[in-house]
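Given the coordinates of chain G, assemble chain B onto it according to the supplied hints.
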Amino acid sequence: MIASLGRLLILGSLLAATAGSLLGFAAGRTRSVDGLKWARRFAYLYCALIMLATVVMVVALLRHDFSVSYVAHVGSRSVPTWVTVVSLWSSLEGSILFWGFVLGGYIAIATFLTRGRYPEYQPDAIGVWLGCAAFFSFLIAGPANPFHTIPNPPLDGPGPNPLLQNHLLMAVHPPFLYLGYVGMTIPFGFACAALLKGRLGHSVLKPLRESLMLPWIFQSIAIMLGGWWAYEVLGWGGYWAWDPVENASLLPWLTATAALHSIMVVERKGILKGWTVTLIQATFLLVILGTFMTRSGVFNSVHSFTQSAIGPTILAFLGFALLFSIALLAFRIDKLETEGRIEGAASREAMFLVNNLLFVLLTFTVLIGTVFPLIVEAVKGKQMSVGRPYFDSMVVPIGAVLLFVLGIGPALPWGRATGEQIRKSLLPPLIGAVVLAALGYVVGVRNPWTLVTLAFGGYAAQVTLKEMFVPMRQRMRRGEPAGLAFVDGQLRRGRRRFASYIVHASAVVAIIAIAVSSSMRQTTELHFAKGQTQQASGYDITLTGIKEVQEPHRSSIISTFVIARNGKPVATLEPNMNQYQMMREPIGSPDVYTTLGGDLYISLSNVDLLNQTASIAVFASPLVVWIWISVIAMGLGALFGLIPSRRAVVSESTETLPEAAAETA
Amino acid sequence: MTSATDAMRTRTRLFMLGAFVIAGIAFAVIAGSGINKNLVYYWTPSDLLANGDKAYGASIRLGGMVAKGSIKKLGGSAVAFDVKDGKNVVHVKTSTVPPQMFRENIGVVVEGTMVRGGYFQSSRLMVSHNNEYKPPAKGHPVDRKELERMMKSVEQGQS
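Protein sequence lines correspond, in order, to chains G and B. Quick note, our numbering runs 17 ahead of the 1-based positions in the first sequence. Quick note, our numbering runs 97 ahead of the 1-based positions in the second sequence.
Bear in mind the hints are in silico, worked out from the structure with no lab data behind them. It should be emphasised that the depicted structure is a prediction, and the values quoted were computed from it without experimental measurement. Wrong hints could be hidden among the right ones.
With a straight-line Cα cutoff of 20 angstroms, these simulated EDC-like cross-link-like pairs (lysine to aspartate or glutamate) come out [as the list claims (entries may be wrong)]:
no., chain 1, residue 1, chain 2, residue 2
1, B, Lys134, G, Asp260
2, G, Lys223, G, Glu137
3, G, Lys352, B, Asp103
4, B, Lys181, B, Asp144
5, G, Lys547, G, Asp625
6, B, Lys151, G, Glu394
7, B, Lys190, B, Glu201
8, G, Lys399, B, Glu208
9, B, Lys190, G, Glu542
10, G, Lys214, G, Glu354
11, G, Lys397, B, Asp144
12, B, Lys169, G, Asp625
13, B, Lys181, B, Glu208
14, G, Lys564, G, Asp625
15, B, Lys134, B, Asp150
16, B, Lys181, B, Glu201
17, G, Lys547, G, Glu591
18, B, Lys170, G, Glu542
19, G, Lys223, G, Glu284
20, G, Lys352, G, Glu137
21, B, Lys151, B, Glu208
22, G, Lys399, B, Asp150
23, B, Lys169, B, Glu201
24, G, Lys286, G, Asp351
25, G, Lys54, G, Glu137
26, B, Lys184, B, Glu201
27, G, Lys483, G, Asp505
28, B, Lys170, G, Asp625
29, G, Lys214, G, Glu356
30, B, Lys134, B, Glu208
31, B, Lys134, G, Asp409
32, G, Lys286, G, Glu360
33, B, Lys169, B, Glu208
34, B, Lys134, G, Glu394
35, B, Lys165, B, Asp179
36, G, Lys399, B, Asp144
On the chain G side, residues computed to face chain B include the following (Cβ under 10 angstroms) [stated by the list, open to error]:
no., residue
37, Phe381
38, Val403
39, Arg405
40, Leu621
Don't be surprised by glycine CBs; every beta carbon is placed ideally from N, CA and C.
This is chain B alone, in the form it adopts within the complex:
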């Protein structure tokens, strides 16, 4: 093997390596911006208020308890209610049919975003499926850990 072909081979290798690096960076940039644009935040009412303006238009999964006496039918299948976490309350409107177990004092997760009208517009309402066998904790102060766990476990298909 001559040194000329050796040099050529090295050049091809370098070229290939360079192409891979560039492609890798391009991929990372595309994927990174894709992720950045499509983050879904898991927030409690307190988190949501703490994030202020960032909440408008962001994809949010809001978890908390349905406040007592706050459920109002809005006509059609639409419902309005308040979600609280012990400290703060967020007003929620949803257009989807609430699931079977929806009632006061139950853990819910609503998916949607804050709108300028000052309420949370939800496109999806989920009741926490707690698979542990225990009686519902009535009037219990809401535990943050429990809320976070709930927001994740209501994911479809999670067992």
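Just chain G, same shape as in the assembly:
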């Protein structure tokens, strides 16, 4: 009953999306105002139907209605309510329904916010958005249908994958990932519309940039949450393993980051238009590729992913989207006329270009390493993977150069600069570079790449902090009081500029924290009997006991360790082994003592309840927490920059200072 209702709503959403997409494209050709109006209505209708379908699924999950196939597949009466809600996206079919839900939200909001404002671009953009929506509704209606009716429903289900139940972060990570992934459809629509029209005018840059920035924020947080989850749950002491699933989330982020930078060059100089559009299209294609890689099971076996129709269907869509994008680029890219040119190698715009090339290089590096094993398996039938050292040895140098460009880019002026200007802006930050590298050396950093990262990081930090407050300092020099100058120069007029430097500062912290925490991790393996105390990485660790706790859906063996530093107890850690009802194997759950300076991380490898003994792995990694903090700061900073500014209303000509123009950069 409830399953049929779900199916009906999905079919309705498929029809609405298809009709709206066709109307949108038609209105783009005929410039029909009525056609556009109807395309918009279908966009809202699609949103309503797909969201209702999702609500129906959530209700079915909460009521444990095992006559719905998806509920029978992932539901369980013995799990807590939050796990039941989270199971909406814990498995394949539900996650694609959730995708549709998020896409509906994005399309409705984007349609509403751009209504009546970009008549040139909106019809085609709606056409592209709803075209994607139609594909996903087709996927939900057919190959990935979560609403099959089960004639003889079981009394209870297996519950979602225990690894996903093991930590609350798993309730947060997927929604952020979907908000990032799915949101890339919106800028893709604008980019395709610009190509279809053969024009990337100044007016459309704002919605293009903002619709790219928002999913980029979600994607940044999602990648960080994924790493954090891996760190808190998987028990090997690290947060990133260059796993295909992780790479899939990173790839579109890399191209989106490049595009966010190149859009600024388009705004400022009217160049790199075709390049920017290409990056945005690549971002969307990488999103679909990532969806294919993670949702089709192709990494379990290249040859068995065809067992379900989902993989081939997504692959077909990827192929179609790729051809569509290439065709659009091939026929239209020349129409996006260039209005200026790069004036010198030592200029801001040249550094933007270098930044873009580095991001593209990173993208290719990760893409090749991820896809290579698939190709070898498909062609030769041999199974292999590309080891971590490949990624590390490629990404670390490129990342270091990127950090270097992050430092010198903002120090250089737009356009042509004199040698004097260049010297004056590039030399002083060397102090920051030397100070930070020396500081690192004193506290024990010896890895050369980490020292290089610290030097570049120190350079970039000094430039960023100096540039960050330029508008405020200018106003204070003119005699404005500090408070007013801060509010006016940083928070109001120069908001976007201030925000982008917050993002840069956070990126510097993140890169340093990643370099230091990964290159300076100490690992110790210890075997404990109850009451025993041992040392690791400057901490005294005592096993005080091991107990068993029964919960409805799992039983846990919890070992308790008291951590002391210099004789003073600082924390109690309780790493555990969880045995889930429906699983053969127990899953370990590490525990972490976090300080701003570094983490102490204990993971159980073996535990014996009867004899009260435990084998543990102890990891001590400095600065890990700064990765989470800095990425959150990065997201908040970017979000702050998205707050609509009133400066559009204020006449530009009232600003006479030449530097004032830089506030938009």
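Just chain B now, with coordinates in the frame of chain G:
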């Protein structure tokens, strides 16, 4: 616009294109050799023996069943055992603490390489986390497909 500047523009474009092509080739060579040096092979004991000398020093992820009665403690946390796939057996030594579920007749994946002593030196021992709800297949002949699936799915973070 004069033809001279046109020619110059064409020359600049050609120059740029050439630079891109060279940079692209350089990148491909560096990345290709990087991949080549860091391949991790997913092998069963039979694959490993079939590859002969290539197995020495290569990064290998060896998957199979722990042979019955083969587990020996070597002192400290070190353990020795045999990994079999129905046809062939490889002797494995590992220095890491075996995970909780490690026992006879269970699917394992060990990461490491063949050493000249004639055994597989493992730096990482993983027990297959089979997420499907089914009783363990005791004494079942080992299925190659199942082994391959296992070698991939024990990857950290794979769900």
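Okay, the hints, checked on the actual structure:
no. : hint                 : verdict
1   : B:Lys134 to G:Asp260 : 18 angstroms, holds
2   : G:Lys223 to G:Glu137 : 14 angstroms, holds
3   : G:Lys352 to B:Asp103 : 19 angstroms, holds
4   : B:Lys181 to B:Asp144 : 11 angstroms, holds
5   : G:Lys547 to G:Asp625 : 11 angstroms, holds
6   : B:Lys151 to G:Glu394 : 19 angstroms, holds
7   : B:Lys190 to B:Glu201 : 15 angstroms, holds
8   : G:Lys399 to B:Glu208 : 17 angstroms, holds
9   : B:Lys190 to G:Glu542 : 17 angstroms, holds
10  : G:Lys214 to G:Glu354 : 12 angstroms, holds
11  : G:Lys397 to B:Asp144 : 14 angstroms, holds
12  : B:Lys169 to G:Asp625 : 18 angstroms, holds
13  : B:Lys181 to B:Glu208 : 15 angstroms, holds
14  : G:Lys564 to G:Asp625 : 10 angstroms, holds
15  : B:Lys134 to B:Asp150 : 16 angstroms, holds
16  : B:Lys181 to B:Glu201 : 11 angstroms, holds
17  : G:Lys547 to G:Glu591 : 14 angstroms, holds
18  : B:Lys170 to G:Glu542 : 17 angstroms, holds
19  : G:Lys223 to G:Glu284 : 9 angstroms, holds
20  : G:Lys352 to G:Glu137 : 15 angstroms, holds
21  : B:Lys151 to B:Glu208 : 16 angstroms, holds
22  : G:Lys399 to B:Asp150 : 18 angstroms, holds
23  : B:Lys169 to B:Glu201 : 11 angstroms, holds
24  : G:Lys286 to G:Asp351 : 17 angstroms, holds
25  : G:Lys54 to G:Glu137  : 14 angstroms, holds
26  : B:Lys184 to B:Glu201 : 17 angstroms, holds
27  : G:Lys483 to G:Asp505 : 17 angstroms, holds
28  : B:Lys170 to G:Asp625 : 17 angstroms, holds
29  : G:Lys214 to G:Glu356 : 17 angstroms, holds
30  : B:Lys134 to B:Glu208 : 16 angstroms, holds
31  : B:Lys134 to G:Asp409 : 13 angstroms, holds
32  : G:Lys286 to G:Glu360 : 10 angstroms, holds
33  : B:Lys169 to B:Glu208 : 19 angstroms, holds
34  : B:Lys134 to G:Glu394 : 18 angstroms, holds
35  : B:Lys165 to B:Asp179 : 8 angstroms, holds
36  : G:Lys399 to B:Asp144 : 10 angstroms, holds
37  : Phe381               : 7 angstroms, holds
38  : Val403               : 5 angstroms, holds
39  : Arg405               : 8 angstroms, holds
40  : Leu621               : 7 angstroms, holds
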